[in-house]
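Chemist: Build out the structure end to end from the sequences listed, making use of the hints.
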Amino acid sequence: MNVCVGIDLGSTTTKAIVLDEQGKVVGRGITNSRSNYDVAAQVAKEEAFTNVRFSMLSRVLEDSRLLGDQQADFENALTRAFALEGYMGQLDRLEVHCREDLSLGRHADLTLALSSALSEILRRLRKDAPDLFKPGQKARSDFFRDIAGSGFIAAASEIGRSGGAPFDRIVGLFDKSIIPVENEPESRSFSQRLLAAYSRIASLFRIDAARVREQLARVADTPLMPVRLVGTGYGRARLPFPKDQIRSEILCHGLGAHLMFPMTRTVLDIGGQDTKGIQVDETGVVTGFQMNDRCAAGCGRYLGYIADEMNLGLHELGPLAMESKHRVKINSTCTVFAGAEFRDRLSAGEAREDILAGLHRAIILRAMALLARSGGVKNEFTFTGGVAKNQAAVNALRELVRENYGEVTLNIAPDSIFTGALGAATFALRDINAGKTTSYEHSLVGAPHAQPQLTKAHTGDCNGDNCGH
Amino acid sequence: MKGATAEKDASMQKQKEMIASHFHELAHVKESGKKVVYTFVPGNLTELINHFGLLPVLPEINALQSGMRGKSAEYISIAEKAGHSEDVCTYVKTDIGMLRAGNIGPTGEPLPKPDLLLLSYTGCFTFLKWFELLREEYDCPVVMLHVPYQGDGEITSEMREYVANQIRQVVIPEFERVSGVKYDEERMKEQLKLSVRAEDDLVWVLDSARAKPSPIDAWFGGVYYIGPMFTSFRGTQDAVDYYTMLREEVQDRMDQKLGPVTPDGPMREEKYRLVIEGPPNWTSFREFWRMFADEGAVIVSSSYTKVGGLYDRGFRHNPDDPIGTMADYCMGCYTNLNFPQRTALLESYINDFQADGFLINSVKSCNSFSAGQLLILRELEKRTGRPGGFIESDLVDPRYFSAANIKNRLESYFQMIEAKRAGAKS
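These protein sequence lines map, in sequence, to chains A and B. Position one of the first sequence corresponds to residue -12 (the numbering used here), numbered consecutively onward. Position one of the second sequence corresponds to residue 870 (the numbering used here), numbered consecutively onward.
Check each hint, because a few of them may be wrong.
Pairs of lysine-lysine, DSS-like flavour, derived with a Cα cap of 27 Å [what the hints assert, rightly or not]:
(1) A:LYS365 to A:LYS376
(2) A:LYS423 to B:LYS1140
(3) A:LYS312 to A:LYS230
(4) A:LYS230 to B:LYS883
(5) B:LYS1051 to B:LYS899
(6) B:LYS885 to B:LYS1051
(7) B:LYS1276 to A:LYS423
(8) A:LYS230 to B:LYS1289
(9) A:LYS423 to B:LYS883
(10) A:LYS230 to A:LYS11
(11) B:LYS904 to B:LYS998
(12) B:LYS1233 to B:LYS998
(13) B:LYS1289 to B:LYS1251
(14) B:LYS904 to B:LYS982
(15) B:LYS903 to B:LYS1051
(16) B:LYS1251 to A:LYS365
(17) B:LYS1140 to B:LYS1251
(18) B:LYS1276 to B:LYS1251
(19) A:LYS230 to B:LYS1081
(20) A:LYS11 to B:LYS1289
(21) B:LYS1140 to B:LYS1289
(22) B:LYS903 to B:LYS883
(23) B:LYS1058 to B:LYS883
(24) A:LYS230 to B:LYS1140
(25) B:LYS1051 to B:LYS982
(26) B:LYS1289 to A:LYS365
(27) B:LYS1081 to B:LYS998
Hint data in this document are derived by calculation from the structure and do not stem from the laboratory. Since the structure is predicted, the reported quantities are computational estimates derived from the model, not experimental observations.
Modeler: What follows is the structure in structure tokens.
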């Protein structure tokens, strides 16, 4: 299957979208951007490819009628077992890196105690792992460092207290090894992981195990050929792509918003560290834009600082702000001063929810100024980026747009975080249709294991006998 | 046939020598006994200053040179320590800082104190305050030439008479007093004839950008081409020689269908032709230029290269009416145009030079000329149908140059032009 991939390397998260040759979204992937953009891009792409294969699998299993009314449960169990496999693989790599660290001799007389603590911790983590991925279990984070980290720390603390190796030295092993673990791709192929996952759950269902396994192997072995990748976003310059495979995030957001909502004429994107006001025409081509300058005031990161300051999760800010009865007027949207502003208001006796409501409005006021500079808000108006998930910000925007521009349709897609990646993937598809190909040495997957199927654009002009040249 | 690099070197070398010799002369006024006049670029009275054997110093140019030499951050910080706020024009702070740090000029030789400050242009309100500060710093007299703004889009005979009278009754007597030289109208006419010759050649060079590919970059390269004309050399044989040389070089590039010479050598392919409003950033000048050159973007016309006169729209000094023509010149520079005039001028550049679009580089610390730029942008988009782009930086404060942000905007802008082109073709 030939696919086009769009990757949006944001300052906070990296997103990937996979399109089939008809332009249909067949896969999505997201990961934290971490300190290594190359890996983030690769992980997001792999996640999206996994997503593609699971969709394919769903169709194949349905067509085969092998599972009957067990299919939904089977897919759910398989997805979780697959995630568990990934987690177990990462635990193995964590152990390898920790043991390597132990072998360096820097732990001197503690080496033995640490080694035994490590064995015990990993035994517990492996033992507890299946429960973390049981159906019905809600993961506290999508990221390995958070899930494994909490178990590791809990076990280390117990070992430390009961007279084993000191707590801080044990945790030091984790801290030193987690970055290499995060930055290393999974060594097993998709097929190996999928079949391993299947082995974990096959006995739980009344099925013809051999035939189901055959279908799984068929999907796992179907080559997914990324015929073109286009990168965008804050970290795009770090992508190992040639220049013509890198597009500005402004164009990608404009096109992505148009594809999600074809009547879009104005786009507001509030990301981690920039805010953009974009005007697009009826075909999704950007006709004008403004973005914030050097200062990240009023961007997503501002909310991040406030969340840290309040010891809350980012997603908890909006709901709390919506409880406000008396919104406080906040003037400063300076990210650096955010904490000071917040503390100052608290000490003045203001309620947290009222301060938060004021902060959300202040961010949107700044966005309104930017929108005005970009040419105003035209109907329809699409809001994208991480902040679009925050209902308090959305409410403030709705109110201010109505005050300033009258009734305008405000679009927010549930998957709006993928807007830029969707635009990038569509540019990739258009490039292919215009006759451009990807140099494989620049793609994130390295050399392909099969030749790509050439698209019509490449085969239509010259087919041997009919070639006039 | 001469090689491209050698050609570039010849006129640049000539300009370098002219500048070095001028600053050398400035450094030795104690020995020569020559008197020094500090003044501004817009509406400058260079011929008149030279007429009296006075030596001009242009603080704006010193400030931009300090920016290019990586000195402005230090100078600005000195000025801020002295109490000048963060929002003050960074040219002013760089100048004050340079003065406090010993007043070493761009060539490394010390600059003399002024014997007179000629406030030649009042359209920029900051200029008034700037020389007020310098008057305190140097304890020297100021002569002010009040230049009426073209608020109604024209120079009336009353305005002309008003400025001519100030030149006749205030500026010339003060110059005579400081220099001890009498004004000689016939000699002035000869100087102005030289001005006209250089002006003709400068216009030819700027107009060469109408060719495809353009042999020059009319902004990044343009700021060098306007150097002798806008500073201390107009009306001298040196300036005439410089522009003759430059014209030949550009003609040669045109004949060979070569693009401009960029910091990384000759531009290979002209992909985007742009008109630009506003001055360049001086602290990251080359890096900034590369952001355009790497993408194949050439500036074919700019308003900044008109701040010292709109020669390309027909103005020439008139040797038959020295004082009247100087009055016209003072009121006719780009900064003295009203909004409709500025908009119309940019519109004509976009059309005449067949530009793909236009950009505004808005200067963070310049309140006088950044005001209203977005309105100009919208109006130009409407009139020409070509895409406008907006970037922000500063003249000489490196803290206001965010390379990643500007590059992001520029790349988006170029890709926007590309997408529009693709849309137009389909």
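Chemist: Against this structure, judge whether each hint is valid.
Modeler: A quick look at each hint next to the structure:
1. About 21 Å separates the Cα atoms of LYS365 (chain A) and LYS376 (chain A), which keeps this hinted pair within 27 Å; it holds.
2. For the suggested pair LYS423 (chain A) and LYS1140 (chain B), the alpha carbons sit about 19 Å apart, so the restraint of at most 27 Å is met.
3. Proximity of LYS312 (chain A) to LYS230 (chain A) is assessed by CA-CA distance (about 51 Å); at most 27 Å being required, the pair is judged violated.
4. Proposed proximity of LYS230 (chain A) and LYS883 (chain B) is contradicted: the alpha carbons are some 39 Å apart, above 27 Å.
5. This hinted pair checks out: LYS1051 (chain B) and LYS899 (chain B) have alpha carbons roughly 22 Å apart, not beyond 27 Å.
6. Using a Cα cut-off of 27 Å, the hinted pair LYS885 (chain B) and LYS1051 (chain B) is violated, with the two alpha carbons roughly 32 Å apart.
7. Distance hint between LYS1276 (chain B) and LYS423 (chain A) is fulfilled; the C-alpha atoms sit about 25 Å from each other, no more than 27 Å.
8. For a cut-off of 27 Å, the pair hint linking LYS230 (chain A) to LYS1289 (chain B) stands: about 19 Å separates their Cα positions.
9. For the proposed pair LYS423 (chain A) and LYS883 (chain B), the alpha carbon gap of about 48 Å is over 27 Å, so the pair is violated.
10. For the hint linking LYS230 (chain A) to LYS11 (chain A), the alpha-carbon distance of about 25 Å falls within 27 Å, and the restraint holds.
11. Between the alpha carbons of LYS904 (chain B) and LYS998 (chain B) the distance comes to roughly 23 Å, so the proposed pair stays at or under 27 Å and holds.
12. For the proposed pair LYS1233 (chain B) and LYS998 (chain B), the alpha carbon gap of about 18 Å is at most 27 Å, so the pair holds.
13. This hinted pair checks out: LYS1289 (chain B) and LYS1251 (chain B) have alpha carbons roughly 15 Å apart, not beyond 27 Å.
14. Restraint check: the Cα-Cα separation between LYS904 (chain B) and LYS982 (chain B) comes to about 9 Å, which is no more than 27 Å; the hinted pair holds.
15. As the CA atoms of LYS903 (chain B) and LYS1051 (chain B) are separated by approximately 15 Å, the hinted pair is consistent with the 27 Å bound.
16. Between the alpha carbons of LYS1251 (chain B) and LYS365 (chain A) the distance comes to roughly 16 Å, so the proposed pair stays at or under 27 Å and holds.
17. Taking the CA atoms of LYS1140 (chain B) and LYS1251 (chain B), the gap is near 23 Å; set against the 27 Å cutoff, the hint holds.
18. For the hint linking LYS1276 (chain B) to LYS1251 (chain B), the alpha-carbon distance of about 25 Å falls within 27 Å, and the restraint holds.
19. Taken as a hint, the LYS230 (chain A) and LYS1081 (chain B) pair is honoured in the structure, with Cα atoms around 25 Å apart against an allowance of 27 Å.
20. With a C-alpha separation of about 25 Å, the suggested pairing of LYS11 (chain A) with LYS1289 (chain B) holds against the 27 Å cut-off.
21. Between the alpha carbons of LYS1140 (chain B) and LYS1289 (chain B) the distance comes to roughly 14 Å, so the proposed pair stays at or under 27 Å and holds.
22. With a C-alpha separation of about 24 Å, the suggested pair LYS903 (chain B) and LYS883 (chain B) falls inside the 27 Å cut-off, and the hint holds.
23. Distance restraint check for LYS1058 (chain B) and LYS883 (chain B): the Cα-Cα separation of roughly 25 Å lies within the 27 Å cut-off, and the hinted pair is therefore satisfied.
24. The hinted pair formed by LYS230 (chain A) and LYS1140 (chain B) meets the criterion: a straight-line CA distance of about 15 Å does not exceed 27 Å.
25. A C-alpha spacing of about 23 Å is found between LYS1051 (chain B) and LYS982 (chain B), which places the hinted pair at or below 27 Å, so the restraint holds.
26. Among the hinted pairs, LYS1289 (chain B) with LYS365 (chain A) is consistent with the structure: their alpha-carbon atoms are about 20 Å apart, no more than 27 Å.
27. Of the pairs offered as hints, the one joining LYS1081 (chain B) and LYS998 (chain B) is violated, with about 44 Å between alpha carbons and a cut-off of 27 Å exceeded.
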